[in-house]
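Construct the entire structure; sequences and hints are all you get.
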Amino acid sequence: MIDGDGDALEPDRGAVQATVSHEPLPASAEIVIIGAGVIGLSIAYQLARRGLTDVVVVDRGYLAEGASGRNGGGIRQQWSTAMNVRLMQRSVALCKEFATELGVNVWFRQGGYLFLARSRREVQRLEKNVDMQNALGVETRLIDAATAQDIVPELDPTGILAAAYNPSDGILFPWPFLWGYARRAAELGVRIHTHTPVTAIERGRPGFTIVTPRGRIAARRVVCAVGSWTPEVARMVGVEVPTWPIRHEICSSEPLKPFLRPMVAELASGLYCSQSMRGEIVGGVTLPGHGPDRSMASSLEFLATYARRLTRLMPVLRDVKILRAWAGPYDQSPDGNPILDHPPGLPDFFLACGFVGHGFMMAPVVGELYAEYLTGGERHELFAQSSLGRFHGASAADIAKEDFNLG
Amino acid sequence: MSGKIVLCRCEDVTLHDVEHAVARGYADLEEVKRYTGFGTGPCQGKECLGPIACALARLTGAAPSTIAPFTSRPPMQPTPLKLFAADPAAHHFADEEDAP
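Taken in order, these protein sequences are the chains called Z and U. With this note's numbering applied, the first sequence has no gaps in its numbers, which climb one by one up to 1844 at the end. With this note's numbering applied, the second sequence has no gaps in its numbers, which climb one by one up to 132 at the end.
In case anyone wonders, no lab produced these hints; they're calculated from the structure. Heads up, some of the hints might be wrong.
Below, in silico cross-link-like pairs of lysine-lysine (BS3-like), each with a Cα-Cα straight-line distance of 25 Å or less [claimed, not checked]:
hint	chain 1	residue 1	chain 2	residue 2
1	Z	1758	U	78
2	U	36	Z	1758
3	Z	1758	Z	1694
4	Z	1533	U	78
5	Z	1565	Z	1838
6	U	36	U	78
Between beta-carbon pairs, the in silico distance windows are [to be verified]:
hint	chain 1	residue 1	chain 2	residue 2	range
7	Z	1573	U	100	45 to 51 Å
8	Z	1461	U	119	23 to 29 Å
9	U	119	Z	1695	50 to 56 Å
No residue lacks a Cβ here, since even glycine has one placed at the ideal position from N, Cα and C.
What follows is the structure in structure tokens.
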């Protein structure tokens, strides 16, 4: 039992409160969050914690159906922009408290992240990042291949020039993260309606009416947290969002005795792999040359490429069996950074998209900052920096481009 | 021992686990798969999908014909990395000495 609330804690089955509701939709809400992925649920929970419980979350499918349920669960502070490093420092701190605070085991394990460089150019990228990360208090070290092999003895060091290692990065199991946020948010009064696609959004004065096949909800404010589906939903209020879906594949092996402590990632191929708490090797690789793709199909090209790179890096894994492969959509933004805040001219409609495959690890801190903002607290500098308007104005050049969106 | 009915032997998922998922509101097969972990082990659902679908039909009152199987994941059976690694479908990166 993943969420640990089986027999022992809940002897009376009748006492189990449904997390996702199958009741009729409420007629109105202060805030409707579209999208019950990790971003939407994190915002919902953080709003409820601050006392704003008149919140409804709607989702076209089920929890964990989109990218939030399809990612590798990596949580790292090694980024190329100071903003992302600082955000992820906070996210890691929140992840440490998650199990206690949300009452669910997310199998969070800080085994570190090991980034491997195979060219001088890649080494220079790591060097630059390490200096910046150290200045912010992240203890990333630039190490040689032999030291990397001390950390992961199974590595073939051939061709590895250097590596960046931060021991406080880690991994978690994504699904319970969603159930944890959803369950506690529901306990605090948030209503979560899955299998409720939004078909139209009508503009009111003020607010909006959210139209679904299961009914209509009058919303004072709307948060759009639908990942790679954002362009379609934003268009319902006349807003063009310049993100696009990129199919990203991933796979999982048979369970093995624990041996691999850090997440290992290669800059040259975008290969990454980690060992989950269930013992499986979970990982992916970059497949160059693929354009926008809404499909979630798996391909032999992926499994072959992943296997080729992984067995080259860790030859000992040659006989390990792959159990399953699946795919999910990255929400690619033009500059690799998220899009937050309200679009120009639409003060009650808030975007949270463009996380380029890293929304999961950003969600804890983004939920906190968004809830703070939406409840009248501080508007963190992240929002000004992440506005949709940056793609249209002179400020585009001022945005630090994130070039560490790997995997 | 009393009443413990294992429906997914790979991942030790019991009938009670399925009942609990339904009580939480996670009532379709894909949701139950994720909430209980059934079908994610070596058999990938080949053994347990039917029994769990039957349990779900009984617990939710849904007609069995309306319960679609979950998306099956490749490969068809557990397959060693070395077989995939030798497949010509693999992309070759610039740093591979034997790149074409």
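Hint check results:
A distance of roughly 17 Å separates the Cα atoms of residue 1758 of chain Z and residue 78 of chain U; the hinted pair therefore holds under the 25 Å criterion. With a C-alpha separation of about 31 Å, the suggested pair residue 36 of chain U and residue 1758 of chain Z falls outside the 25 Å cut-off, and the hint is violated. Straight-line distance between C-alpha atoms of residue 1758 of chain Z and residue 1694 of chain Z comes to about 14 Å, which keeps the hinted pair within the 25 Å bound. Restraint check for residue 1533 of chain Z and residue 78 of chain U: the C-alpha separation of about 37 Å exceeds 25 Å, so the hint is violated.
Note on residue 1565 of chain Z and residue 1838 of chain Z: the hinted pairing holds, with a Cα-Cα distance of about 14 Å set against a maximum of 25 Å. Annotation: proposed proximity of residue 36 of chain U to residue 78 of chain U holds, straight-line Cα distance about 21 Å (limit 25 Å). Take residue 1573 of chain Z and residue 100 of chain U: their Cβ atoms lie about 49 Å apart, and the range 45 to 51 Å holds. The hinted range of 23 to 29 Å is not satisfied by residue 1461 of chain Z and residue 119 of chain U, whose Cβ atoms lie roughly 52 Å apart.
Range check, residue 119 of chain U to residue 1695 of chain Z: about 29 Å between beta-carbon atoms, so the 50 to 56 Å window is missed.
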